Amino acid sequence: MLAARFALLAALVPLAMLVGVGFGGAALEPGALAHALLHPADGGDVATIVWQLRVPRVAIAATVGASLALAGTLLQALLRNPIVDPYLTGVASGAGVSIAVAATVGVAPILVPPLGFVSGLATSILVALLARRGPRLDAERLVLAGVSLSALLSAIVTLAIERLARGTASEAILAWLAGSLAGRGWPELAAAAPEALAGLVLGVATIPALNVLRLGEGRAAALGVDVTRLQWALLVASTLLTAAAVALAGLIGFVGLVVPHLGRRVVGPDLRALVPASILIGAALVVLADALARTLAAPAEIPLGVLLAFVGVPTFLVLYLRGAARAYA
Amino acid sequence: MTLALERVSVARGGRTLLRDVSLTLDGGVVALVGPNGVGKTTLLRAMAGVLAPSAGTIALDGVAVRTLPPRERARRIALVDPTEPVLAALTVADAVGSARFPHHRWWEWEATADDTRAIDDALERTALTSFRTRELGTLSAGERQRVWIALAIAQRAAVILLDEPTSHLDLKASVQTLQLVRELAAAGALVVAVLHQLEEASAFADRVIVLGGEGVLADGRPEAALTSATIAAAYGVDVAVERRPEGLAFHRRISGV
Numbered sequence: 001m002l003a004a005r006f007a008l009l010a011a012l013v014p015l016a017m018l019v020g021v022g023f024g025g026a027a028l029e030p031g032a033l034a035h036a037l038l039h040p041a042d043g044g045d046v047a048t049i050v051w052q053l054r055v056p057r058v059a060i061a062a063t064v065g066a067s068l069a070l071a072g073t074l075l076q077a078l079l080r081n082p083i084v085d086p087y088l089t090g091v092a093s094g095a096g097v098s099i100a101v102a103a104t105v106g107v108a109p110i111l112v113p114p115l116g117f118v119s120g121l122a123t124s125i126l127v128a129l130l131a132r133r134g135p136r137l138d139a140e141r142l143v144l145a146g147v148s149l150s151a152l153l154s155a156i157v158t159l160a161i162e163r164l165a166r167g168t169a170s171e172a173i174l175a176w177l178a179g180s181l182a183g184r185g186w187p188e189l190a191a192a193a194p195e196a197l198a199g200l201v202l203g204v205a206t207i208p209a210l211n212v213l214r215l216g217e218g219r220a221a222a223l224g225v226d227v228t229r230l231q232w233a234l235l236v237a238s239t240l241l242t243a244a245a246v247a248l249a250g251l252i253g254f255v256g257l258v259v260p261h262l263g264r265r266v267v268g269p270d271l272r273a274l275v276p277a278s279i280l281i282g283a284a285l286v287v288l289a290d291a292l293a294r295t296l297a298a299p300a301e302i303p304l305g306v307l308l309a310f311v312g313v314p315t316f317l318v319l320y321l322r323g324a325a326r327a328y329a
Numbered sequence: 001m002t003l004a005l006e007r008v009s010v011a012r013g014g015r016t017l018l019r020d021v022s023l024t025l026d027g028g029v030v031a032l033v034g035p036n037g038v039g040k041t042t043l044l045r046a047m048a049g050v051l052a053p054s055a056g057t058i059a060l061d062g063v064a065v066r067t068l069p070p071r072e073r074a075r076r077i078a079l080v081d082p083t084e085p086v087l088a089a090l091t092v093a094d095a096v097g098s099a100r101f102p103h104h105r106w107w108e109w110e111a112t113a114d115d116t117r118a119i120d121d122a123l124e125r126t127a128l129t130s131f132r133t134r135e136l137g138t139l140s141a142g143e144r145q146r147v148w149i150a151l152a153i154a155q156r157a158a159v160i161l162l163d164e165p166t167s168h169l170d171l172k173a174s175v176q177t178l179q180l181v182r183e184l185a186a187a188g189a190l191v192v193a194v195l196h197q198l199e200e201a202s203a204f205a206d207r208v209i210v211l212g213g214e215g216v217l218a219d220g221r222p223e224a225a226l227t228s229a230t231i232a233a234a235y236g237v238d239v240a241v242e243r244r245p246e247g248l249a250f251h252r253r254i255s256g257v
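So the protein lines, in turn, are chains A and B. Using this note's numbering, read the first sequence as starting at 1 and increasing by one per residue. Using this note's numbering, read the second sequence as starting at 1 and increasing by one per residue.
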């Protein structure tokens, strides 16, 4: 039963990737597409489109989707709260401020993603320090500190758009806020992949302890879980994953919130199953959404974050109203 | 095995609850009784090693429990706290299965034959075998209490610490739970239980420790520890203690009657 569901989810990702490579601004013959995919060294226009534009883009979409989904799953389990989003710890708004400032003062575009990454990380650390109670993190304080600090930082971004940035600068900020993979390629992926990979390894290593944490912090501690270490490991893992996704794609909403819910629907609450399921669903979802974003209004692109919000919000509301949130009651 | 407390003080929220408690516990069922807020739960958590005493040491067979690595500590000491909220969607099998976490190294994710045996045995002894797939949110208070005890059994720890194992339970469920506790002690475990009902303490415990006034007021066999004088000292209530073949009975004396 579980194996069949996993087989289905695992099949979903390559299928979505094939769609992602197959559709785009330029219509490609299926035969030429297959040839280019199978013979990357042959050269030619089709091979260039496939290997320099679409394949990296699909790989980035899959990385962003998997990272956000995993970060959301880990944070929801850490805070034992189903309405937690990976942006809660301030990563996105922290990155947003530095991107807004960078765009305003005219920093070289190649420096913007690493700047976003660093300031996202810094904001998350600040939120964690504010949320400390003794050595441990207090779930309630983490939510309060994250939400309030994010509100402040978002206000700064708005101010930058409103007052400081003119013309292209404010467009760049808006494009980041809308979330998009337009113009991203192998170099951007290579820059973000190590952080995402580190977050993945750290996150996956916590799974058995995270399963025990479902019984409550007190019981987990009595069962030999080092709760303090687990909390910090999860926070670092989800921050690395989210920061990598934000540096790659800007603000992509609802993946980190909705995908863990979908995962729980499909494979249940055991994190040994839920984590891989969320990673697969997240990757497939963002790859498909990006293919739609590129083709629906081609040659123009719909911002990916906007498209996902249109799909994500109704899905979440339906799930929520049907009682998916009961999982953490 | 021996759990030894040497001049232990415990505090909660910066306030010292118990001072200079020295006890040697080496088997059977030990009941901790005393008024609300005296520090029974805090002392139990310190015994489990999940909370540091503010002074003194707690040692299991000569090794301070706070110095044991967490998983090793959990292989030897089980703590059952029925009050902490839990994920309602968790199944009985999930919950009891968590008991095997301390027996695994960090890369071991799958249940071993040992795990399966320990879990099956624990479910059988708590009459939960048919409840495996039930979600905790659908269980009665008594059934849920049995789940926590099953978890402690599956943990295969030599020391089992129970915080109010009979609160919220009806008479039958209380008696069943306490009988199970006796069986665990008969099988060689040291069981320390925080109990509120003095009748239960006297009927099921081999030894009763009465806490009050920041320390141990009485310690011994139930009929020696639970006297009118110690109960008055601990609770400030005037109680007549009657010896009966099945245990002690406690009658509150109302002044003027």
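I should point out that these hints are in silico values taken from the structure, not numbers from a laboratory. Predicted model, so just to flag it, every value in this text is computed and none were measured. Be a bit skeptical, because a hint or two may be false.
[Said to hold, decoys possible] Here are the computed distance ranges between Cβ atoms for each label pair:
| # | chain 1 | residue 1 | chain 2 | residue 2 | range |
| --- | --- | --- | --- | --- | --- |
| 1 | A | Leu159 | B | Trp109 | 28 to 36 Å |
| 2 | B | Glu6 | A | Val313 | 20 to 28 Å |
| 3 | A | Arg265 | B | Glu214 | 19 to 27 Å |
| 4 | A | Ile125 | B | Glu72 | 48 to 56 Å |
| 5 | A | Pro30 | B | Glu84 | 19 to 27 Å |
| 6 | B | Thr16 | A | Pro314 | 29 to 37 Å |
| 7 | B | Thr138 | A | Leu159 | 22 to 30 Å |
| 8 | A | Asp42 | B | Trp109 | 41 to 49 Å |
| 9 | A | Phe310 | B | Ala88 | 29 to 37 Å |
[Stated by the list, open to error] Which chain A residues stay away from chain B? Per the calculated CB distances, all over 12 Å, these:
| # | residue |
| --- | --- |
| 10 | Ala27 |
| 11 | Ala77 |
| 12 | Ala209 |
| 13 | Val225 |
| 14 | Leu288 |
We put the CB at the ideal spot given by N, CA and C, even for glycine.
### Task
Mind listing which of the numbered hints don't hold for this structure, in increasing order?
Result: hints 1, 2, 3, 4, 5, 6, 7, 11, 12 and 13 break, sorted rising.
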